[in-house]
Amino acid sequence: MVSFKKPLNRRNTMKKELQVIKTELNIGVENPFSILHMTDTHITIDDPGADSGRQGCFDCDFENSSQDYCLQAIEYAKQNNMTILNTGDLLDYLSEGNFEFVKKHFANVDYMYAAGNHDFCHKVGEATEDYSYKWEMIKRSAPCFNCNLYFDSRVINGVNFVTLDDSYYLISDGQIELLKAEAARGYPIVLCMHVPLYEEELAKIEIENNKTCAYLTGAPAELLATYPEHRRLQQTPDDATLRALEYIYGESAIKAIVAGHLHRNYECVLKNGIPQIVTHGSYKGYVREITFR
Numbered sequence: 388m389v390s391f392k393k394p395l396n397r398r399n400t401m402k403k404e405l406q407v408i409k410t411e412l413n414i415g416v417e418n419p420f421s422i423l424h425m426t427d428t429h430i431t432i433d434d435p436g437a438d439s440g441r442q443g444c445f446d447c448d449f450e451n452s453s454q455d456y457c458l459q460a461i462e463y464a465k466q467n468n469m470t471i472l473n474t475g476d477l478l479d480y481l482s483e484g485n486f487e488f489v490k491k492h493f494a495n496v497d498y499m500y501a502a503g504n505h506d507f508c509h510k511v512g513e514a515t516e517d518y519s520y521k522w523e524m525i526k527r528s529a530p531c532f533n534c535n536l537y538f539d540s541r542v543i544n545g546v547n548f549v550t551l552d553d554s555y556y557l558i559s560d561g562q563i564e565l566l567k568a569e570a571a572r573g574y575p576i577v578l579c580m581h582v583p584l585y586e587e588e589l590a591k592i593e594i595e596n597n598k599t600c601a602y603l604t605g606a607p608a609e610l611l612a613t614y615p616e617h618r619r620l621q622q623t624p625d626d627a628t629l630r631a632l633e634y635i636y637g638e639s640a641i642k643a644i645v646a647g648h649l650h651r652n653y654e655c656v657l658k659n660g661i662p663q664i665v666t667h668g669s670y671k672g673y674v675r676e677i678t679f680r
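Counting from 1 along the sequence shown, just add 387 to a position and that's the residue number in the working numbering.
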């Protein structure tokens, strides 16, 4: 996701409380339950002797705010007996300090994880983010997490939470074959990804905000044509992604999509009637308690 230029104000030491948004989804659950959606924490712990220059981007509320909000979210989930659904960018970049934070604080946490683009980023802006770069970086980041970053699933109270990696605005044929197998199990599916799917109004808001592009998976060709070249190349869906989107929009088992990436709170209904929920980054103190009914 695009970085922010706001400098870290070291004099601002006043801590703020976590902001918990509460959302209900009616998908026909027999026994209602809640999970905590957490996304885009962007932990920025540099290794000794290194200076990423990234702390000011995400520790902008107070010093070490991204870490503090993360710990508040973990505590909130534990106190309320909720599983955490994390949709990526827990790390801002790959460092031993960031890895140790995850290992220490998530070791005894009940969570699911959908990878974000920063979870595969050794140094922000160092290289073209393509599959070869991702598969090289995943060797370092994957051991930090308790799940398969490519595709995973977990059934909670009769709802199948499927996490898949669309962090480079692409979905593979292999992921869709796995998703089809999950749909065949017969549970209602909540599809959990880092990057939201294209929706017209959301795209307008993002372009107005970013002045460049929408940062969405599956943007149409006429919109992509207005992007700067490097963003158009980055976000143009390949044939596999187009096949994936066709399947997702036509699969009745998929009851909702939950995503992050955009650093904003937004709820919409996609063209096939599927609700899509986007939550702002926890680096800014936002999490979302989603109750399924």
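Incorrect hints may have been included.
[What the hints assert, rightly or not] The list that follows gives simulated cross-link-like pairs (lysine-lysine, BS3-like), each with its CA atoms no further than 25 Å apart:
no.: 1; residue 1: K510; residue 2: K526
no.: 2; residue 1: K465; residue 2: K567
no.: 3; residue 1: K591; residue 2: K658
no.: 4; residue 1: K591; residue 2: K567
no.: 5; residue 1: K465; residue 2: K490
no.: 6; residue 1: K491; residue 2: K402
no.: 7; residue 1: K491; residue 2: K510
no.: 8; residue 1: K491; residue 2: K526
no.: 9; residue 1: K510; residue 2: K403
no.: 10; residue 1: K465; residue 2: K403
no.: 11; residue 1: K409; residue 2: K491
no.: 12; residue 1: K598; residue 2: K567
no.: 13; residue 1: K490; residue 2: K526
no.: 14; residue 1: K658; residue 2: K409
no.: 15; residue 1: K402; residue 2: K465
Hints were generated in silico from the structure; no laboratory data involved.
Against the structure, the hints come out as follows:
no.: 1; hint: K510 - K526; in the structure: 15 Å, holds
no.: 2; hint: K465 - K567; in the structure: 33 Å, violated
no.: 3; hint: K591 - K658; in the structure: 16 Å, holds
no.: 4; hint: K591 - K567; in the structure: 31 Å, violated
no.: 5; hint: K465 - K490; in the structure: 17 Å, holds
no.: 6; hint: K491 - K402; in the structure: 22 Å, holds
no.: 7; hint: K491 - K510; in the structure: 22 Å, holds
no.: 8; hint: K491 - K526; in the structure: 19 Å, holds
no.: 9; hint: K510 - K403; in the structure: 29 Å, violated
no.: 10; hint: K465 - K403; in the structure: 19 Å, holds
no.: 11; hint: K409 - K491; in the structure: 28 Å, violated
no.: 12; hint: K598 - K567; in the structure: 37 Å, violated
no.: 13; hint: K490 - K526; in the structure: 16 Å, holds
no.: 14; hint: K658 - K409; in the structure: 24 Å, holds
no.: 15; hint: K402 - K465; in the structure: 21 Å, holds
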